[in-house]
Amino acid sequence: MTSGAVPIEILLVEDNPGDARLTQEALRDAKVRNNLHVVLDGVEALAFLRRQGKHAAVPKPDLILLDLNLPKKDGREVLEEIKQDDQLRHIPIVILTTSQAEKDIIESYRLRANAFVTKPVDLEQFLKVVQSIEHFWLEIVKLSRP
Amino acid sequence: MSPPPRTAPIEVLLVEDNRDDAALAIRALEGAKLRNRVTVVGSGLDALAILRREDRFSDAPRPDLILLDLNLPGKDGREVLAEIKGDDMLRDIPIVVVTGSQDEADVRRSYGLHANAYVIKPINPKAFLEAVGSIEQFWLQIVRLP
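Chains as they are written, first to last, in my numbering: chain A, 31 to 176; chain B, 12 to 157.
In silico lysine-lysine, PhoX-like type, Cα no more than 25 Å apart, as pairs: (1) B:Lys137 x A:Lys61; (2) A:Lys103 x A:Lys84; (3) A:Lys133 x B:Lys96; (4) B:Lys96 x A:Lys113; (5) A:Lys133 x A:Lys102; (6) A:Lys103 x A:Lys90; (7) A:Lys113 x A:Lys84; (8) A:Lys133 x A:Lys103; (9) A:Lys102 x A:Lys90.
If you are wondering where the hints come from, they were derived from the structure by calculation, not from laboratory data.
This is chain A alone, in the form it adopts within the complex:
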């Protein structure tokens, strides 16, 4: 179980503003205090994680929610880069995508995604899925937080 003292920092990499807003809403009501940071493309995600440019003062995320189809740099490339980086690979990455393709599922696990979740189209289902992610990763899992 995770301590409630320091909020959990979540990085959401999502180019669809509607989905980002919904995720934000679902996480706002979470039992565990958390801060959600949203970036819109793969290049910005890596800049955030490496604290480059305007991201110099951002906190290190404890959990990453990553869409696969992203502008500039694809989610698959972002996943691979993070999981090959000794400074970042311990951060769990949950793939959150509309893709249901078996190929994407297998490729993501091979690239070391921690979990693959298909984004439901239905609004209520979408909220339920984000809440399940929140419950498992924020309340049950022990994240790596020095």
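Chain A is already provided as a structure; the job is to place chain B on it using the hints.
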């Protein structure tokens, strides 16, 4: 959209040498909504033998999910984790580490070795049942397994 209905039961491999913990985990998993079948092995060597279908395990089904204790007789859970995640035939099977260790070094090392999630085993049996129930709920109902 929830994962499409599967005809075959979900195969869970539980690697746990403590009989009481194994019995509790089986109770939690078999009481689950989805049809799943739990196989228990009590050592790291048996875990690898079953995954590689060696000797008496030649007919063993391939697990869809592995719950792995870290402190195991014979071959340690950390070694088992490293071997599975270093094996191209096995690395896409999600592994949830379920352990008594709260040590940040174990947490970080496990994620570094590509454990999919790290859960600290609650000492209280009721809390333990709930934790396994949450693992079941997330991994078997929300996540798309490979």
